[in-house]
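With the hints as extra help, turn the sequences into a complete structure.
Number of protein chains: 2
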Amino acid sequence: MTKKTKVVIVGAGFGGIAVAKRLAGSDIEVTLIDRRNYHLFQPMLYQVATADLSPADIAWPIRGLFSGERNIAVVLSEVTATDKAAREVVAGGRRYPYDFLILATGSGNSYFNHPEWEPYAPGLKRIIDATEIRKRILLAFEHAEIASDATEQRRLLNFVMVGGGPTGVEMAGAMAELARVALARDFRHIDPKAARVVLVEAGERLLAGFAPDLSEYARRCLEKLGVEVQLGQPVQAVNEQGVQVGATFIPTATVIWAAGVKADGPGQWLGAETDRGGRVAVGPDLAVPGHPEIFVIGDAAKVIWEGERLVPGLAPAAKQGGRYVAEVIRARLENRAPPPFRYRHVGSLAMIGRNAAVADFGKLKLRGRLAWWFWGLVHIYLLINARAATLVLLEWAWAYLTRKKGARLITGLRPLFVEPAGPKP
Amino acid sequence: MTKKTKVVIVGAGFGGIAVAKRLAGSDIEVTLIDRRNYHLFQPMLYQVATADLSPADIAWPIRGLFSGERNIAVVLSEVTATDKAAREVVAGGRRYPYDFLILATGSGNSYFNHPEWEPYAPGLKRIIDATEIRKRILLAFEHAEIASDATEQRRLLNFVMVGGGPTGVEMAGAMAELARVALARDFRHIDPKAARVVLVEAGERLLAGFAPDLSEYARRCLEKLGVEVQLGQPVQAVNEQGVQVGATFIPTATVIWAAGVKADGPGQWLGAETDRGGRVAVGPDLAVPGHPEIFVIGDAAKVIWEGERLVPGLAPAAKQGGRYVAEVIRARLENRAPPPFRYRHVGSLAMIGRNAAVADFGKLKLRGRLAWWFWGLVHIYLLINARAATLVLLEWAWAYLTRKKGARLITGLRPLFVEPAGPKP
Chain Y
1 MTKKTKVVIV GAGFGGIAVA KRLAGSDIEV TLIDRRNYHL FQPMLYQVAT
51 ADLSPADIAW PIRGLFSGER NIAVVLSEVT ATDKAAREVV AGGRRYPYDF
101 LILATGSGNS YFNHPEWEPY APGLKRIIDA TEIRKRILLA FEHAEIASDA
151 TEQRRLLNFV MVGGGPTGVE MAGAMAELAR VALARDFRHI DPKAARVVLV
201 EAGERLLAGF APDLSEYARR CLEKLGVEVQ LGQPVQAVNE QGVQVGATFI
251 PTATVIWAAG VKADGPGQWL GAETDRGGRV AVGPDLAVPG HPEIFVIGDA
301 AKVIWEGERL VPGLAPAAKQ GGRYVAEVIR ARLENRAPPP FRYRHVGSLA
351 MIGRNAAVAD FGKLKLRGRL AWWFWGLVHI YLLINARAAT LVLLEWAWAY
401 LTRKKGARLI TGLRPLFVEP AGPKP
Chain C
1 MTKKTKVVIV GAGFGGIAVA KRLAGSDIEV TLIDRRNYHL FQPMLYQVAT
51 ADLSPADIAW PIRGLFSGER NIAVVLSEVT ATDKAAREVV AGGRRYPYDF
101 LILATGSGNS YFNHPEWEPY APGLKRIIDA TEIRKRILLA FEHAEIASDA
151 TEQRRLLNFV MVGGGPTGVE MAGAMAELAR VALARDFRHI DPKAARVVLV
201 EAGERLLAGF APDLSEYARR CLEKLGVEVQ LGQPVQAVNE QGVQVGATFI
251 PTATVIWAAG VKADGPGQWL GAETDRGGRV AVGPDLAVPG HPEIFVIGDA
301 AKVIWEGERL VPGLAPAAKQ GGRYVAEVIR ARLENRAPPP FRYRHVGSLA
351 MIGRNAAVAD FGKLKLRGRL AWWFWGLVHI YLLINARAAT LVLLEWAWAY
401 LTRKKGARLI TGLRPLFVEP AGPKP
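First to last, the protein sequences are chains Y and C.
Heads up: the first sequence at position 82 corresponds to 82 in the working numbering, and the numbers run straight through without jumps.
Heads up: the second sequence at position 15 corresponds to 15 in the working numbering, and the numbers run straight through without jumps.
Just so you know, the hints here were simulated from the structure itself, not pulled from any lab data.
As the structure is a computational prediction, the values presented were derived from the model and not from experiment.
For the chain Y half of the interface with chain C, some residues (derived, Cβ under 10 Å), not all of them:
#1 Arg36
#2 Asn37
#3 Ala51
#4 Pro55
#5 Asp57
#6 Val74
#7 Leu76
#8 Gly92
#9 Arg126
#10 Ser148
#11 Arg185
#12 Arg387
#13 Thr390
#14 Thr402
#15 Lys404
#16 Ile410
By construction, the Cβ of each residue, glycine as well, lies at the ideal position given by its N, Cα and C atoms.
Given below as structure tokens:
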């Protein structure tokens, strides 16, 4: 070959990074495009929202991951289209030619056809989501402290998490601990321990992907922490004043959305059919039907596993897809036939709170302190480098021992909302 | 006394915190008002701008500093006026009565009557300033990497620091190291080492507050790091395209302002006379003439020292003022006459770069590696708690050993600027 093979990867999440790592040091010219300059360790993003960690603890510059790999170019730009005929990706008004294209763009939040709920119920996808949620939570307490109206004060101290999956459970647990422990002595006019943390789930149990006894354990643990768990209750409306859950209206200023995800981008760019979650159906080699040179991996791909189950939108699944596609490309270049993709399910983990977590590995199920340690070890192990791991360990240790939160910053605050002139305090 | 004495402190910088700490545990009802929820360790803020540290490493929730002190209430609100007759402070539409008022509001950037320069030349005062500057610096490299026009590419790789005081020197040194070392291998189309870092100072030497030989040493060190130092050159204009310095126009997209500060707030609220820097002249007890119950401390106060010199706008000066005012209040309540305020100048420190700093303690002058160690030790010692100190030490050690920067995040990025459709890459 005189002309080098060009691979374009869109998205530097777990899937995209895995492809690039496997192609590093090869003869292939790799271009990795992302609209952000960092790779985010999303499973711990909720800890930024609850002021446990700083953004830089769990996000790393993509360039830094490939400094030494001369065959990998990182581009900060936003893809707007793919030109299948010309085999080019369009991003920021420029065109990037490819021989193989990997779309690993992940997913965003789904508001079940109610996009108007989004401003009142941010989800946890990007760093700015997490810092926005952190700001809303901390400001709710601040505003409650100086509120002159008792009804408004109670409303400000209600916090509603929507969605009983791992993210919702983790947020609710951390939120309860924030209110009941970390902030307990910091206010003079309100009692943060009186804050109401409500976790709303439309289904009949929390953590639907886990064994039922672990779901039940999670519910009991959260209730012990003071979380109100409402099951079988779909959210009917979200607005400035609060959330309509079944027949009840919960007045609140802080709603956090963890109820559903939806991929966009690949389906639209390719003109491909998608399922309700926006996922593009791919073949056994993760390529798009009719386009063996285009692959979709991770949250944006619809891959069937064990006959009828969908491969879940988890980091390990995206990584496996990424590593597999890198092998397919190498095989194709060597005129070998690649074996079909086989997803290997490792297990599911969810943190609940201090000394409480659940882990479901099929036959092996863990709960309580053991699962909590396991959760911590796995997450530290998966962090990208020793620096991040040490920093996070240190912040966790400090938080565990002092029961304080280290990253309680409200940034980007001006202008502050101004209360109508009330009675003198 | 049946009625408790009320002290209102406006501003939770070094001065305000010092007053509150000295009044903690007393019978006095203290209200500490700040428009932000954190106390910022400003001397290290430039390290957030250059991606060395995270905001939470050098900023702590004010509430957390006084959790256990029941006589101190923290209020997140923005003061808009003081009512001297009623002895009340107005903030967020509410009124806070006081027996003693301490205004410790610090200073903002001064653009020498050119407020129109501000959007193009942010200063380093708040956390959002530092993250904004970090974003601009990192985006300049990102945009240069994909720029199709060579002139524009060169413009993007020019970085101009205005002001040769400690902040300007520290920014210029850290900026040069960022470009020449940390980013050196991370791009494929540009060479970050070719970035031009220019430090512009209107006066005849850098670090005017230091001994002349230390100024000269700083200049030589910076030039060794690749910084262009331009002395005796006032800035004539700053706009979207660059900076006019004397007769030369430097095209750039990144200007950082460290040329002057100005206090506002107290002078206006009190209707008091101020100097050109917005400082309120106070008496020997730091009280406002005619109002023994109102004190101004820190950057916002004009205090004369050693006959004619102004007490400098440094953290130690603000702290000394704060501690002193707390003693004055205690003395007044006990009908004692307080001694006049005496400023004790500790010395001046400025970091230049790896193994290079300057320290001027009058008789004792340090430079080079020894001053560098000293700078680090002093700053670690001054950090608010063991957690912060450990985190910062760890980040510094990692950066020193690997020569990488740990906090290279561009957040709040959408929408990305879109380049006009150019030729294919």
